[in-house]
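Q: Chain order of the listed sequences is A and B.
According to the working numbering, the first sequence is numbered sequentially starting from 1.
According to the working numbering, the second sequence is numbered sequentially starting from 1.
Please keep in mind that the hints were generated in silico from the structure rather than gathered at the bench.
Worth double-checking, as some hints may not be accurate.
As the list claims (entries may be wrong) - Mimicking DSS-like on lysine-lysine, the simulated pairs with C-alpha atoms at most 30 Å apart in a straight line are:
id, chain 1, residue 1, chain 2, residue 2
1, A, K54, B, K383
2, B, K57, A, K54
3, A, K86, B, K57
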Amino acid sequence: MLDVMTKPDIVLTGRKVVGGIAEAEALMTRETISGWGGINAMTGTIIESRHELKGVSFAGKVLVFPGAKGSSGWSAMFHTARLAGKAPAAMLFNVMTTKAALGAVVMRIPTVTDFDRDPLDLIETGDRVRVDGDRGVVEVWKRRG
Amino acid sequence: MVTLTTEEQAMLGGDKGAAVQKAMELLVRYAEALDADRFVETNNVAGVPGSSNAFVKNYYKEDGGDYRAVFSRFDLDSDEVVDVPRMNAYSCHLQGGMDPELWVEQGMTPEAKANFDSDERETAAHGVQILKTCTPYIAGNVPVMGEHCAWMESSAVVFCNSVIGARTNCEGRESTSAAMLAKRVPDWGFHRPEFRRGQHSVRVDVPVDDVFDWGMLGYFVGGAVEDTIPVIEGKVSGQSLIRHKHFGAAAASSGGVEMYHMVGITPEAPSAEVAFGGDRRGETFVYDAAARERIYETLNSVGTSTDVDYVMLGCPHYSIEQIAHAAHLIEGRKVSANSALWVFTSRAVKATADANGYTKMLRDAGAFLMTDTCSSISAAVPKGTKVAALDSAKQVHYLPAIMGIEGWYGTTAECIDAACTGKWNGRLN
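Produce the entire structure from the sequences given, and follow the hints as far as they go.
A: What follows is the structure in structure tokens.
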């Protein structure tokens, strides 16, 4: 288990979208994510044909991505993933849209945007990330090895 | 923090009942997520309230597993079930489910049909208009310029903003259900004039004049500008509802375009300067002959076999003019034994098709005129389908991926030919 006295390697600050605290492994992509037609809500995986994360599960991960794209069913798809126990643990994204905002709200997971530095440049898949949604603070421990 | 009017405070305080209170609570969380200062009032909401599949109903079985439970717990994301009154806003139900008469042909089970019927009874009883289409603007809900709406369905949103000049964001299931009760959405995004200005230019160097080409241009534009606002100028002509409908749906699918300007064509773009709100800015994307060819190839990149066993028309839902055109194209011919032809539209338009005899003409040829849904939304294709031919850039973008089949894109005439011969012979002229 993580030594709580270990200082994070990186600290980012941004704006609260949804409050709460979560700590989990990061899953990062530079490609936007679609809801309907883009994910399988029941398994919490990305299914979009040409996506770099096709077949990868975001369940229980801190999802770090540019933003949402695709149909208006985004929030309902991710909401269903929450019911199936497959929602991400938290979300960090750059571009605000009604889709991503509503999706974060109904998933009820800590979510932050409007960062002082781009999380896509600093967080890699596998890093340990702690998100404090209310304060808009994100702490990152880089993966070792 | 979002600032509330006296009326909004009262709704949040429970003055209009528990359901409206829960709706306002959700809307406040949503507004804060967006960092919106306040709400805007809306009396034109289009969503998919309360309808749900077995998984969702079952998830809430301890709460009753019914429409009320789903609407309270899922749509309003409330921790408790509340009594749901008739909707306060003028509200419409968009596409979904199955054709109420041709559900067997669509491969639906009696259990699914019973669930669909029950959801529809509840929806109607709650005062939501049963339009059951992705084209509410053809089926009786035509907003006016400047009207604040709260719509789902990306192809309807882009039409609403761009072609009509009404104002909506791309809303979701939960925000529209809440808006149906509270008549409010966050005053954010497309509700605000400054958000509606163009961000990039698209120069059209080759003539774009028919629905086939308008769709390809839309697919190009979406890929180029993603979800920003393009200002299109150049050799675009022949504007019509049908062409805009196809263009917008394509752009919303390849990118996430929620609003576009076409100089001299769309209402908020009398000039490039007005469309941009000043000088041209952003990048300039050029649609020339090479681009047109590339887009055609992309739209046809999921096709290998020319043995077409399924043709689908009506994405977005066909207008009566399009149904008439398809009926006349197939008159005197028959759908091949190796193929199938399904044409999708709204129930409202089908009523006219019935009266004009188009429904019968299609049926006599061996085709079906279906309503409510489409092959992608319901994952419904004729059994054994491997290769589909489509006249919609949006449908060819989604259907092959959703169903794991091959797809071809071409003109309506090429699609009808494929339905009658069982062979794809489309080409770019």
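Q: Keeping to a limit of 30 Å between CA atoms, is the pair of A:K54 and B:K383 held or broken?
A: Cα-Cα ~27 Å, so holds.
Q: Holds or violated: B:K57 with A:K54, Cα cutoff 30 Å?
A: Holds. B:K57 to A:K54 sits at ~29 Å (cutoff 30 Å).
Q: Please work out if A:K86 and B:K57 have their alpha carbons no farther apart than 30 Å.
A: holds (18 Å)
Going through the hint list in order, the structure satisfies each hint without exception.
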